[in-house]
Amino acid sequence: MGSTAGPPGTARRLVTGAIALLAAASLVTACGSGDGGSDGTGGSGAGAANVRGVDDGTTLTMWTRAATRPQSEALVKAYNAGHENKIELTVVPTDDYQAKVGAAAGSKDLPDLFASDVVFVPNYTSSGLFADLTERVEALPFADSLAQSHIKAGTYEGRKYVVPHTLDLSVLFYNKDLYRKAKLDPEKPPTTLAEWDEQARAVDALGGGVDGTFFGGNCGGCGVFTWWPSIWAAGEEVLNQDGTEAELSSDTAKKVYETYRGWVADDIVAPGARDETGTTWTGVFPKGKVGVMPMPSTTLGLMPKDLDLGVAPIPGPDGGRSTFVGGDAIGVSATSESADQAWNFLAWSLGDEAQVDVVAAHKDVVARTDLASNKHSQADPRLVTINELVADGRTPYALKFGQTFNDPNGPWLSLMRDAVFGDGASVDQDNEAVTASLAD
Amino acid sequence: MQVKAAEPSAAEPRNRPQRAVGPPRSTAPRWRSRTVEGLGYAAPTAVFVAVFFLLPLLLVGQMSLSDWPLLAGDRGGNAPENYTDVTDSRLFWPAVRFTLLYTGIVTVVLLGLALLLALLVQESRPGAGFFRTVYFLPGALGLASASLLFWGLYSPTTGPLGRTLEGLGLVDDPVSFLGTPTSALLSTVFLVVWKFAGFYMLILLVGLQRVPHEVYEAARMDGASRGQIFRSITLPLLRPSLALSLLLCVTGSLLAFDQFFVLTKGGPDNSTVTVVQLIYREAFQRLDLGTAAALSIIVLAALLLLNALQFRGLRHADES
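Heads up: the sequence lines are chains V and L, in that order. Counting in UniProt numbering, the first sequence runs from 1 upward without gaps. Counting in UniProt numbering, the second sequence runs from 1 upward without gaps.
Treat the hints as calculated values from the structure; they're not laboratory data. For clarity, every value in this text was computed on a predicted model and none was experimentally measured. Ideal Cβ placement from N, Cα and C applies to all residues, glycine included. One or more hints might be untrue.
[Unchecked claim] Just the calculated beta-carbon pair ranges, DEER-fashion:
| id | chain 1 | residue 1 | chain 2 | residue 2 | range |
| --- | --- | --- | --- | --- | --- |
| 1 | V | Lys77 | L | Leu101 | 46 to 56 Å |
| 2 | L | Ala43 | V | Glu432 | 54 to 64 Å |
| 3 | L | Leu101 | V | Glu138 | 51 to 61 Å |
| 4 | V | Thr134 | L | Gly104 | 54 to 64 Å |
| 5 | V | Asp109 | L | Val171 | 41 to 51 Å |
Produce the entire structure from the sequences given, and follow the hints as far as they go.
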């Protein structure tokens, strides 16, 4: 609705008006983005600056997505407080981030720094959106301790383009109060999918608005993040090495779908799972009415203080443990004219001070394995559980990840919904559609 | 709303002083200066149209014939691959069917309700102004904002609507307003009708006020019933306004995007994917500007054809 067609007079007037508006808007944006990169010291000339980059009072622009906003904001705030350079952070709604980056890349309007959901990084590196950081990364004294799953995702044809920005792992959160009420041992979270099933059902039986579990049933990204670890935990793959073929109809995968299907059929899931597009899926657990569900580790620091919650690894059908090492990796855009200054932020953000006093203090996963045990994690055993999981976790690699798994009209969401809200009969066929999209 | 009275009085004073001031012999140079003046007024618009409409249109045409990934840029011609890719896509024909279905439902419901509202507030009796304002108010909201508002209302986890219905005892289970293909479509139609009924009411109301009172009086003197008056006087004399509403409504609905993008994202199970959503998906999910441009050209052609047909039909009706 609200389009511009009508009889010639109306149409012309409306078109003229729209065009005038557009023109005005583009003039404003043109002025706004002009000052971003103009005062840089020029080029991404590797080796020109020292390992710490340049801190000369440059104003840098940076984008991140809403899902990792608290982490980015904390880092930027701490950096701005202690440096000459200033970072202007723009937070973009998670669902729109790919489109925003794509459009900006098309018009060469990318900010100096931009973080990205690590699963989209291969697409961006292969398209030349990031500047080459290989020499700078390798010169860091702690280069080998950086979270390797992120570094791998950001390596294209042997060159390194990104560093880890925030690590977001999928882990089980369980409500210890509800466990006690349901006569479950609050110190014994599930170690197999079957135990998870039993415990969810036991909590659900409490009734009174309490539900066993929850998941984002209309959200491809949620499925990838929370279901795949159960498949990995059994030692199986979901994609081939190049990310061009799906293996999402294996017997293990079907066993996982079957468990979720059972929860839907028996109403163990909190209301809204079928409609949940991913916008509000992490808002259900903190209300204290859900027994046990997979959650992003980045939300641990945001949980209500009075919620007695435990953290456990996501198990496979017969045990094992795994996690999706997600979150954001960050790089300098290929078009930035302030690469040395941008690197100053990145190098600082990976240093001891930022990692311990900002990231770990916020109950988040540190980006360096040598800092996994620090003064903050020692105070909270749940953080140790999460930090240790990094080694067992994976970051899937596929060039066509977004359009296959995150697209709300993509083939993976069809598979998810057929498998869990349907009878699961078309999983093999859906898996072929996923492969077709990956190889597109 | 006093259009009938406003038109002649607005036109007259503009002409009168000119006639009085200008010397009668100097018409030729004045014509020339007026032409220059007119061109001067038109030039900015002409430049804008050229730069922001014609040039982009040509670019879209070229894109649609090229392999043009969003992130990598132009990789040269590949015609007609983009067009065949688009029409071969598993979502294309369902999207075309759904867009037509949606347009049909919205047009019938929206224009029917708008006409009813216009008839209700047509007479200038006490309170009519209040109701006109109330019916029109939702139209003052942006469509995306209105969609977001309804998304919040419909949300099963955070929305108040389902809980209210439950509290009133009207339903037992939490209502899933956007959970099934039918409910998602109807929920969206409800939003659109709520948002636009007042706008179309306004167009029809203007048309209604143009119908001279004498015609109604004469009909009543002749003993015509209310139904007869509506069928034989109101509807025929309202035709220009109805035609305008129809044109706007059909074109707007065929280009539906915001409401579905915010409310359903094409779900559940791809049941509410519109054609414009497919354009967005090609460009920003699949990051392929070539196929997105091809689809845009197809939609543009379809709309041009449809509008031409509608204009022709209307002119035909006017002549007869």
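(message) If you test the structure against every hint from before, which numbers come out violated?
(response) none
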